[in-house]
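Student: Residue numbers (the working numbering), protein chains in the order written: chain A, 341 to 697; chain C, 341 to 697.
Treat the hints with care, since some could be wrong.
[As the list claims (entries may be wrong)] Selected chain C positions facing chain A (in silico; Cβ < 7 Å):
(1) L428
(2) T456
(3) R459
(4) V578
(5) F650
Just so you know, these hints were derived from the structure itself, not from any lab.
Glycine residues also receive a C-beta, built at the ideal position from the N, C-alpha and C atoms.
Number of protein chains: 2
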Amino acid sequence: MQTLQVDTPSQPYPIHIGKGLLADFSLFAPHIGKKAAIVTNDTVAALYLDALTAMLRDNGVDTFAVVLEDGEVHKNHQSLGKIYDALLEHRADRQTAVLALGGGVVGDTAGFAAATYQRGVPLIQIPTTLLSQVDSSVGGKTAVNHPLGKNMIGAFYQPKAVIADLDTLNTLPPREFSAGMAEVIKYALLGDAAFLQQLETQMPQLMAKDADALAQTVAHCCRMKAEIVAQDETEQGVRAYLNLGHTFGHAIEAETGYGTWLHGEAVAAGMVLAAKLSQRLGYLHDDDVARVRRVLQAADLPVQAPDFPFERWLGHMRHDKKVQHGQMRFVTLSRLGQAQITTIDDEALLRDVIAAA
Amino acid sequence: MQTLQVDTPSQPYPIHIGKGLLADFSLFAPHIGKKAAIVTNDTVAALYLDALTAMLRDNGVDTFAVVLEDGEVHKNHQSLGKIYDALLEHRADRQTAVLALGGGVVGDTAGFAAATYQRGVPLIQIPTTLLSQVDSSVGGKTAVNHPLGKNMIGAFYQPKAVIADLDTLNTLPPREFSAGMAEVIKYALLGDAAFLQQLETQMPQLMAKDADALAQTVAHCCRMKAEIVAQDETEQGVRAYLNLGHTFGHAIEAETGYGTWLHGEAVAAGMVLAAKLSQRLGYLHDDDVARVRRVLQAADLPVQAPDFPFERWLGHMRHDKKVQHGQMRFVTLSRLGQAQITTIDDEALLRDVIAAA
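With the rest of the complex left out, here is chain A (with noise of 0.2 Å):
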């Protein structure tokens, strides 16, 4: 087991990487009282739910489970007043911590129901999807979308601990893996060019779930996250270049509706955008934009937008968060490996971008 410790403004917190965790008391023990919710979907907890709940109870835990559909589409008020009402009908009080087991949507919903409940309860944090591990367990942000727009509604709060047992992703559909594998691939393309070149030569290793490449990459992300959330608890400067992608992204999801793309199947063709704009601003050449289609299909992951027309791929980009005063911003890459904020007022070279995709 590799443990990494975050350092954040409000409180330091571990992040444990490896096998057979869900297991292992001794990584609870420290946050949790006598009493926790143990909140996941139902596909997951077909598969965890019992034997966490099992051993949590041989050492004194009594649990009580709130079992959510699967699926971005519960992203949403009604899974957050299941949560609610749940919590109030066990009468959990400040000291009951809550368990997300699951993917990013459950602890995105559970993450944020814990930092709401009586104004914050205890939170950890069990990602069980490749996505998650790298990517939305670590960090701190929590969000359920709106009707209107992907996580409108939301809270910056710091878990008590993430424990990632890797043994969960064997259970994972090749697709949801796939769609995991664009997030490492984002932290490569934004940040680390050695890591690119590493992911390049690792791929299949990677794609047959070999357990110690998986252990070596997930750790490396949750390093790189961490670190950038360090810098950069609430996310004004730095953390942004996590975003790669996000923009053109979260309009894919948006347009064709929250859950038909995986997340990081949107992310994966909106990276391809984003180095398209980047090449088109005149910092990437071709040969480095063909690259980066090149890795994201090793991991059978979509580099083509669907085709919809631009002034919706507009609408869709102006609601987006990273709008500032009105002006949309977007991470470009300055090389791969490097990235960087782009105020973008051309409507015609975005269109031009998109057209081209």
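Fit chain C to the supplied structure of chain A, relying on the hints for placement.
Tutor: Chain C only, in chain A's frame:
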């Protein structure tokens, strides 16, 4: 005008107290961009919304209003949804300030919306009731009620500024003015015997809304609360003293239905019960309890809780946020002007205190 600076671990902010402040753009300018949302209720909107909107428009700020229905029963998810919807429809971004124009319900609901919209946008509190000027607009507590409990969903979130215009107290109904005075008296009881004596002397002038006496009193309470909050931002220690009378008071509000008793009225009757509990525990004398009753009565406040079965009191009180590991904790008075926390296991004692009320 008096200005207090409140230091908190997250960010310092000013509280401005005086007459005519709603017309003074210089107090708003440092915290506001080109667009702002004004959240208010129908009662306050009729009195102050047009003037505030015009003043801001004359200074180049476009506003849109979200007018909630007046009353504690509307401090809920429906009102919150109305604010989120308006922010999204008007394409509010992370720089769009939320101005909370009204009493505690508006301040708490709009404050929670500002804390959670896009994970936090600038908040300016403009309290228009005595209660919210001395209490709920200071300290960063935001929340909405849940059908199963008051203030159950919320966040700690600091405003950029508090603008307390004393002129707005002239339009406040007498019952609400008295309810605010309950919180003023609370400050005296929990931490300042000299202030209690001053209130006993000045109560006739205060009830007649003498401007100087009010300004001095509001500022004194804000200063006391600011000091307590600065010591203890997330309510682990001394800040709990601010809940004097609130465990009993919340039970009264929950039993009678939120909004039937005003919060301050329930706290007044709750403080009499807290004083009687303190007397039964051997801390206060009979004449101390009588003195608590007298000062509350001088402010036209109820000193007698409504009659309902003890089991229902217990049910409400066990559900209170101040319960820790299942034990009930009360703020009691070691003497008039000095609070403490007491854990009560003895239900018979509570039954006697409530029965004798």
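Student: Decide, hint by hint, whether the structure agrees.
Tutor: Status of each hint after checking the structure:
| no. | hint | verdict |
| --- | --- | --- |
| 1 | L428 | 4 Å, holds |
| 2 | T456 | 5 Å, holds |
| 3 | R459 | 5 Å, holds |
| 4 | V578 | 17 Å, violated |
| 5 | F650 | 19 Å, violated |
Consistency note: the structure conflicts with the earlier hints numbered 4 and 5.
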